[in-house]
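S.K.: Line order of the protein sequences matches chains A and B. Numbered by my numbering, the letters in the first sequence go through residues 76 to 371 in order. Numbered by my numbering, the letters in the second sequence go through residues 507 to 756 in order.
Hints may be right or wrong, so weigh each one.
[Claimed, not checked] Label-pair ranges, simulated between beta-carbon atoms: (1) 723/B / 298/A: 42 to 50 Å; (2) 197/A / 751/B: 57 to 65 Å; (3) 726/B / 347/A: 29 to 37 Å; (4) 302/A / 678/B: 25 to 33 Å; (5) 531/B / 349/A: 22 to 30 Å; (6) 88/A / 538/B: 36 to 44 Å.
[Unchecked claim] Okay, the calculated bits of chain B under chain A, using three or more residues with CB under 8 Å as the criterion: (7) 599-610; (8) 656-665.
[Claimed, not checked] If the Cβ cut is set under 7 Å, some of the chain A residues that face chain B in the computed set are: (9) 323; (10) 342; (11) 343; (12) 346; (13) 358; (14) 361.
What the hints contain is simulated information worked out from the structure, not anything from laboratory work. No residue lacks a Cβ here, since even glycine has one placed at the ideal position from N, Cα and C.
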Amino acid sequence: MCGIVGLFLKDASLESELGHHLSVMLETMTARGPDSAGFAVYGGGEAGRTKVTLRAPAGFDDFAALETALGAGARLTRRGSHIVVSVPTNQLDVILQKIKTAAPALAVSSVGAHMELYKEVGLPADVASQFKLSEMAGTHGIGHTRMATESAVTTAGAHPFSTGKDQCLVHNGSLSNHNQVRRRLIREGIPFATENDTEVAAGYLSWRLAEGDSLGEALESSLKDLDGFYTFVVGTDTGFGVLRDPIACKHAVMAETDQYVAFGTEYRALSALPGIESANIFEPNPATVYFWNRAA
Amino acid sequence: MNIRSQTQTKDTADTAFARTIDLDTSSVRELNQFLHDLPRALPPGSNATALRVLNPRGVHAVAAGVDADVTIEIAGDVGYYCGGMNQHATILIDGSAGIGLGENMMSGLIHVRGNASDSLGATAHGGTIIVDGNASGRCGISMKGVDIIVKGSIGPMSAFMAQAGTLAVFGDVGEAFGDSLYEAQLYVRGSVASLGADCIEKPMEEAHRAALYAKLAQQGLAGEVDVGTFRRYGSARTLYHFHVDNAGAY
Numbered sequence: 076m077c078g079i080v081g082l083f084l085k086d087a088s089l090e091s092e093l094g095h096h097l098s099v100m101l102e103t104m105t106a107r108g109p110d111s112a113g114f115a116v117y118g119g120g121e122a123g124r125t126k127v128t129l130r131a132p133a134g135f136d137d138f139a140a141l142e143t144a145l146g147a148g149a150r151l152t153r154r155g156s157h158i159v160v161s162v163p164t165n166q167l168d169v170i171l172q173k174i175k176t177a178a179p180a181l182a183v184s185s186v187g188a189h190m191e192l193y194k195e196v197g198l199p200a201d202v203a204s205q206f207k208l209s210e211m212a213g214t215h216g217i218g219h220t221r222m223a224t225e226s227a228v229t230t231a232g233a234h235p236f237s238t239g240k241d242q243c244l245v246h247n248g249s250l251s252n253h254n255q256v257r258r259r260l261i262r263e264g265i266p267f268a269t270e271n272d273t274e275v276a277a278g279y280l281s282w283r284l285a286e287g288d289s290l291g292e293a294l295e296s297s298l299k300d301l302d303g304f305y306t307f308v309v310g311t312d313t314g315f316g317v318l319r320d321p322i323a324c325k326h327a328v329m330a331e332t333d334q335y336v337a338f339g340t341e342y343r344a345l346s347a348l349p350g351i352e353s354a355n356i357f358e359p360n361p362a363t364v365y366f367w368n369r370a371a
Numbered sequence: 507m508n509i510r511s512q513t514q515t516k517d518t519a520d521t522a523f524a525r526t527i528d529l530d531t532s533s534v535r536e537l538n539q540f541l542h543d544l545p546r547a548l549p550p551g552s553n554a555t556a557l558r559v560l561n562p563r564g565v566h567a568v569a570a571g572v573d574a575d576v577t578i579e580i581a582g583d584v585g586y587y588c589g590g591m592n593q594h595a596t597i598l599i600d601g602s603a604g605i606g607l608g609e610n611m612m613s614g615l616i617h618v619r620g621n622a623s624d625s626l627g628a629t630a631h632g633g634t635i636i637v638d639g640n641a642s643g644r645c646g647i648s649m650k651g652v653d654i655i656v657k658g659s660i661g662p663m664s665a666f667m668a669q670a671g672t673l674a675v676f677g678d679v680g681e682a683f684g685d686s687l688y689e690a691q692l693y694v695r696g697s698v699a700s701l702g703a704d705c706i707e708k709p710m711e712e713a714h715r716a717a718l719y720a721k722l723a724q725q726g727l728a729g730e731v732d733v734g735t736f737r738r739y740g741s742a743r744t745l746y747h748f749h750v751d752n753a754g755a756y
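Starting from the given sequences, assemble the full structure and let the hints guide the process.
M.R.: Right, dumping it as structure tokens:
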């Protein structure tokens, strides 16, 4: 099972409603994944600054101490169990090291110019409301509701996975050769935080992108190297991509209008979107890379 | 449960229907129990022969397992397995349908005015399914006697292991059409992306045109498209007979 939702806006006038639509879509997919939920939203950001999203364990109360430890250059915003730290991009490595030293219990969810990534164990509606998803604005976003199969129900095992700046991936299905691919990627210098199969797919794409592939090329080559059944939805700073395995094992439906491109594991996730009645609705073909990009 | 009889409702929009079930206030289980409790042969003059279902909102298994001569009109989109195992009922969907529409249907009619998802009519033995829009992949997979008419296009891996029945597609067909096909009648008016193993194009002769015309006419679609513009596909029959050259493979 698992449910995926995604929304990529073409019309800037909808940007203030991105979080609202995404939260409705996410909650509609509760029956497909009641274990945990997560989402990445691309929006905001300032020139010369990078956002680091951190996950705090339950009971974390050293927020003030962390703020002091990171110094005046870092601006911290708390959202539920997560903390978004805005840092000058040229101090990113220094501040990531300071976070590790000052608060080793925190996990880095994502790093990027525009992306913020939130995930937690629990019902999608509770996860969405904890982080106030419905109030978030942005250009595009991806969400996931998880019914765990390949690794334990933990926050770290929830989707999306991010293994590169402004990159994230959600997955419905399971990969059969993830251990082999993980070993190969570790040799290539890609770090892994979990035993999860989806993290391997995310790491694989990050590796291909670092090697100079476009996202489209990276998805193409994953068809050769990743074995199993999957529907992937990926986000980058400027784009949104979809790939289904060669026999299209996992369900997927998309809707495109002049205003947006939307993805849902089931049609009902899309049914409340504005203008859905006249949208071009289609199911992505197997082994075919779909990609939408905005001018950077 | 909110089943209103015609005499109790003042909602003029519903007066053509003897019953209305609103899925905002009733569960799918209540709807299906009501349908399952209907006698197969409804008494003459019964006012239960027309039922309207409101606000389905993509929920699964709407009107699954019905075994009664009843007309069910669904106002909106349905999820998976709508009309599954249907016998005798006429099911009209004013919206789109999810995966497995009419799976294992035995008889009756399902007409979806929007699009249908994967595995439409999977393993269905009889009856007719009409799609006004497109159907997705695996359309008619392992069909065993159902007639499927799709006015738009269908997706990849359709008619996989189809055994009997008729599939007529007014538009195009995706990859691997008719893979491992047995004896179903496949008619396509548009393009076929690729044929699956053991599926070949066969001559469209007068008897086939007449048979297809009869199927369309039965559903009031005579003259909607020219049956002369269809191409016919069928099994090359090389896979399903034992061949001694393949003995080593067993």
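S.K.: For every hint, state whether the structure bears it out.
M.R.: Checked hints:
{"no.": "1", "hint": "723/B / 298/A: 42 to 50 Å", "in the structure": "45 Å, holds"}
{"no.": "2", "hint": "197/A / 751/B: 57 to 65 Å", "in the structure": "59 Å, holds"}
{"no.": "3", "hint": "726/B / 347/A: 29 to 37 Å", "in the structure": "34 Å, holds"}
{"no.": "4", "hint": "302/A / 678/B: 25 to 33 Å", "in the structure": "30 Å, holds"}
{"no.": "5", "hint": "531/B / 349/A: 22 to 30 Å", "in the structure": "26 Å, holds"}
{"no.": "6", "hint": "88/A / 538/B: 36 to 44 Å", "in the structure": "43 Å, holds"}
{"no.": "7", "hint": "599-610", "in the structure": "holds (count 3)"}
{"no.": "8", "hint": "656-665", "in the structure": "holds (count 3)"}
{"no.": "9", "hint": "323", "in the structure": "6 Å, holds"}
{"no.": "10", "hint": "342", "in the structure": "6 Å, holds"}
{"no.": "11", "hint": "343", "in the structure": "3 Å, holds"}
{"no.": "12", "hint": "346", "in the structure": "6 Å, holds"}
{"no.": "13", "hint": "358", "in the structure": "4 Å, holds"}
{"no.": "14", "hint": "361", "in the structure": "6 Å, holds"}
Violation of the numbered hints given earlier is absent; every hint is satisfied by the structure.
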